[in-house]
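Student: Following the hints, position chains B, C and D against chain A.
Protein chains in written order, with the UniProt record's numbering: chain A, 1 to 370; chain B, 1 to 370; chain C, 1 to 370; chain D, 1 to 370.
Bear in mind the hints are in silico, worked out from the structure with no lab data behind them.
Positions of the beta carbon are idealized from the N, C-alpha and C atoms, including for glycine.
Please note that the accuracy of each hint is not assured.
Unchecked claim - Keeping only pairs whose Cα atoms sit at most 16 Å apart, straight-line, the calculated EDC-like set for lysine to aspartate or glutamate is:
no., chain 1, residue 1, chain 2, residue 2
1, B, K268, A, D170
2, C, K268, D, D169
3, D, K2, A, E54
Stated by the list, open to error - Estimated spans, in silico, between C-beta atoms of each pair:
no., chain 1, residue 1, chain 2, residue 2, range
4, C, H341, D, R225, 50 to 56 Å
5, C, N241, B, P33, 50 to 56 Å
6, B, P33, C, E46, 17 to 23 Å
7, D, A226, C, T219, 56 to 62 Å
Spelled out from the first residue to the last, the chains are:
Number of protein chains: 4
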Amino acid sequence: MKTLNIGLIGTGYMGKCHALAWNAVASVFGDMPRPQLAMLAETSQELAEKKARELGFERATGDWRAIISNPEIDVVSITTPNAFHPEMAIAALQAGKHVWCEKPMATKLADAERMLMTARASGKVAALGYNYIQNPVMRLIRRILDEGQIGAVNHVRLEMDEDFMANPDDLFYWKSEASSGHGALDDFGVHPLSLLWGLLGAVRRVCGHMARPYVDRPTPSSGRRAVETYDIATVLMELENGASGLLALNRSAWGRKGRIFMQIFGSKGTIVFDQERMNEVQLYTADGARETQGFRTILTGPQHPPYDRFIPAPGHGLGFNDLKVIECRELMRRIAGEQAHLITFEDGIQIERTVDAMARSVYEGRWVEV
Amino acid sequence: MKTLNIGLIGTGYMGKCHALAWNAVASVFGDMPRPQLAMLAETSQELAEKKARELGFERATGDWRAIISNPEIDVVSITTPNAFHPEMAIAALQAGKHVWCEKPMATKLADAERMLMTARASGKVAALGYNYIQNPVMRLIRRILDEGQIGAVNHVRLEMDEDFMANPDDLFYWKSEASSGHGALDDFGVHPLSLLWGLLGAVRRVCGHMARPYVDRPTPSSGRRAVETYDIATVLMELENGASGLLALNRSAWGRKGRIFMQIFGSKGTIVFDQERMNEVQLYTADGARETQGFRTILTGPQHPPYDRFIPAPGHGLGFNDLKVIECRELMRRIAGEQAHLITFEDGIQIERTVDAMARSVYEGRWVEV
Amino acid sequence: MKTLNIGLIGTGYMGKCHALAWNAVASVFGDMPRPQLAMLAETSQELAEKKARELGFERATGDWRAIISNPEIDVVSITTPNAFHPEMAIAALQAGKHVWCEKPMATKLADAERMLMTARASGKVAALGYNYIQNPVMRLIRRILDEGQIGAVNHVRLEMDEDFMANPDDLFYWKSEASSGHGALDDFGVHPLSLLWGLLGAVRRVCGHMARPYVDRPTPSSGRRAVETYDIATVLMELENGASGLLALNRSAWGRKGRIFMQIFGSKGTIVFDQERMNEVQLYTADGARETQGFRTILTGPQHPPYDRFIPAPGHGLGFNDLKVIECRELMRRIAGEQAHLITFEDGIQIERTVDAMARSVYEGRWVEV
Amino acid sequence: MKTLNIGLIGTGYMGKCHALAWNAVASVFGDMPRPQLAMLAETSQELAEKKARELGFERATGDWRAIISNPEIDVVSITTPNAFHPEMAIAALQAGKHVWCEKPMATKLADAERMLMTARASGKVAALGYNYIQNPVMRLIRRILDEGQIGAVNHVRLEMDEDFMANPDDLFYWKSEASSGHGALDDFGVHPLSLLWGLLGAVRRVCGHMARPYVDRPTPSSGRRAVETYDIATVLMELENGASGLLALNRSAWGRKGRIFMQIFGSKGTIVFDQERMNEVQLYTADGARETQGFRTILTGPQHPPYDRFIPAPGHGLGFNDLKVIECRELMRRIAGEQAHLITFEDGIQIERTVDAMARSVYEGRWVEV
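Here chain A stands alone, though its shape is the one from the complex:
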């Protein structure tokens, strides 16, 4: 495996997360060349230089196209606001670079489809940032499902709740503008759907509903402005595999901080996961003596790879940022031609088509095929 030269566009929440991952991946996994943190782009040269120093990148630029045109760059991390993803990803792929773009692909489905076309044409790895699927717990759940430990899955419920939009007194900002999307549905929906996609496959039909907890919000000028997006969404689903499903999203859910709650019901057992306790999973299997059946709380440990690459002792806990390191490793494996667990543009488009169908079902007030 050759040394990869990395370009990073954007240094916000996810930009820093990518930088930490590129920085840590070789030390954690110990079996691949250390990536070179070659070039970082921000909105100005000055900010870019400051961030390059902080995050350990060699060079800095105020123009993201300098990364695209730099022939030494092998991989581009794209962590800018969603609206910029299509232009940047397409440019990078066309310039022959691998792309690691934060989810979702785009704010419009048509743009996402263009990104996919470009990726296919390029022959390069085009991966999306979907941290949660990289949790060793998810690998364990897949294994439990594959081994039939809970039998045939017949029902799944997914919830994702946070409270950053819960305060009605918070000022109106862009997340309440229609141009930002539908609301919780596309802001959150892709996350639980990425878990669903990886564990249970595609969605066939959907029927959704959206709601506004607050009809308007204060503006800085002491006025009020009507909220255009929907902070709450609920969706009935039928999966391709025949299972019935439910999706509930709320970004105004007081007290929920990073909750992704998943309940998978099968003919022999049940799995329950809560992202706020990301190092645990609950498993119930209908075997053994009835007197002692119960949900088992499984704590992650070295027996749940690649936890072992981080810590040799069980129960010590991975963090959210560690998931990005795992994703980075999977990306590098894919670039090296190995099999890897990643949401590529091919998978991502399925997720975004599903979200799109959900939105249509809401606006049309009826069931819609994905």
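Tutor: Below, chains B, C and D alone, put in the same frame as chain A:
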């Protein structure tokens, strides 16, 4: 308050529960005449006599009409299979007796409507058995809502899950026959809807989905028979108060034993309740220092009436049967002309109409007004 | 089994609990004659009559000796303050009655020893009220231990915490007087020790410590009075079976309401129980695939007798008062000459000797043999 | 702040953890020069070179003294087995280097005292690796205590349990040899004591007990060898501040993976922490309406610094390795002359003296002053 003479029809799960409640209510509350357990009806004289001895009733009959025609009986507890409710309740009301009938009112909405008409005409108390609303936790939740502690409610999620239909190898029995109803929807739905009714009021529009985890089941003769009911149901709701709602029901949910999970989201906080931990409720309020905000686990105690009538010390725990004692007390208060917290036929019909609308929305594949 | 005539002395917290149990036991278990609630004693004739009406007793007396001298009474429930237990229990036993006396036996070990001598001489059943051991969960734990599911037990930790003495601003009352005993040690200690006794047997050596969270408390006359008892106690134990043990007690533990927390460690697994969630027990066994090992949360149900006598469905929950009904049933079985699970005076004295040894170890600042 | 040149001795569990921290600290905190990972020592040149490549160190050596004698090295991370700490730390300090040595200081108290003397004489920073105190939760707890939110602390219970010695069929290895120390007491004890030290200060008197769950273990040659250490320890404590304390340690506790359980009781509230859920803390305060008091589950977020340096969104979770990054940052601040939260040799010796007193109390069977 005069001494009430009680007639009990049926001695199964709920019949015994009624008997225990009639037996205990005076000792627990200590401020009303002890009801006389006057007459018990079962399917045969022999069984009735056996059960009367066990449950402390004075007389026994193999013919439930003997209770109806007995002029000394003031109240009739009806705990027979649902299909018998209409005939028995109507007869009792017409005979001038108060009725305490187990939920649901009937297997057909038209029958329930007839029961309501009769109740209205009789002027007697016609109450339904809805234990869960009697939990002191529910009284606390109502108070939290009334005091605005979580602000205006904008979203609610209700789940009810058990696993008595979870084993695909269990023999086909009547709960899988179409004549028993729709499945989980009417079998379970009324319970969470009774909580919703008491806490947040009526439902306006619904759109549901139902699923069969197992298409057929073994028969005693080693064959297989197609399952006609749906063990899983999911419903989107719009409430009269404008809140968005979600209902999920599963009677084949491995590991869930008596779970009724409720999440109520408001503009200032969130309430979470799980019936499997019926002596606890979670409350999050967005006040105080941000560093120490979190969901509070409130354990019931004497500060949550009428817990204090059972146990003077907090944290010791009520049981499911205690809820029936509270319901019995509320019924007696209503009979005595006091205000009481009860699901009467007037309320019950709303719940059953809601379930009926849900079923129609499923079969018609569209949103339906309740 | 003949009909038992019951006398009840005292109608406070535990008196009411006994009355509820005597009232319910026949209906719950359904296979024994209904006890006659014959006579109730309180401190005045007037109060006794009021309570007899409330609790369903036929006759009332202001003099407890009237119960003792009544030849029709078969069993006497003694639920008065601890200091009265010896005189009443001894009188009842000498009068040829069975005794069901609330724990602890006495405030002084010498009195307890006299009670035991009298019980032995009488040939009557002399049982103590130790509700917690009657939880179906405890029967399950015993079975798990007996079947060797967690192997040989080598360590046990017991905690009991409540917060009724936690407020330093509460007025001085008798529980802070030396005459009431040592403090948490004897007030609480007997409860976890009763679980220990039933599950793991006797204690061999102890070394304890006691502490006063508050040196004095306000008096009604605006003064302050020195606290003479110890609201906190901690004890190291060696059990007869060789296991190491730990006991921690705190009646000024803010937020703990009825917590009895027990951790039992064995060579093959671990059991964890929390009385505040009395319908659950946690079990870890070191078998099966390592990837899916974890603590199982077992919810009680009909598979855990005698839960089934109360409710035929699992996960619905028993309450604290139900435990007394079970104890009552065990007492009746013992009186009928059957084997029963009870803490008799023979067992109770072991528990009180253990507490006494713990107190001595504290005052002498050293290890003491029980 | 100048760029620090780092030397690392040892690359096992903690060596890798140090390397990850040195590698990440600048990117996470973004306000200090990136440390140079200058030189790594392992037991052979070959292994050292392999590990240097993996962990990103520039140079490698098979002789740890090469790090000591390298004048460019500013800080030495010592992560070798405990027995090597004294020689290495003393050499590094005498060579004028700052030292970051994993806990405990030494296997013998006399060696630890020598290390402290050397550190004092050197004027260099001599810090110990005590990850758990760096959890943002601990900073929150300190703040809660300092602000008097739970009033005056009067009782504390600490437990630390894991199960790596729980299997009686595991082969005898060095942790069962007397030369490795007392057992759980010194292996685990320093961790909870480091929390205690940081939150509540010093311990005054102790009385302990130790136990062997298994008297012997199999050897590779199919024989059995007597276990010389104690996998279970329990200790009564009196703290300098007057509070009563309890310490319980078990490294054969099936099902416990990384549990450090802490209960702090005060005159106004209670704090509960469980390291297996390291992103949560429970807080009970006796204020507000009694009806809604309860333990709050506080999830960490940006409001709990330095969580915000890792992730800007709450509830996403830090991992065990992140704690080391925080510790690394604190060390760098101390080296730069700033105030920092660290366990130095000055603090560490207090912890080890406390453990030593506990061991003496066990062997002498009596209370011992620290």
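Student: Which earlier hints turn out false for this structure, listed by number in ascending order?
Tutor: 4
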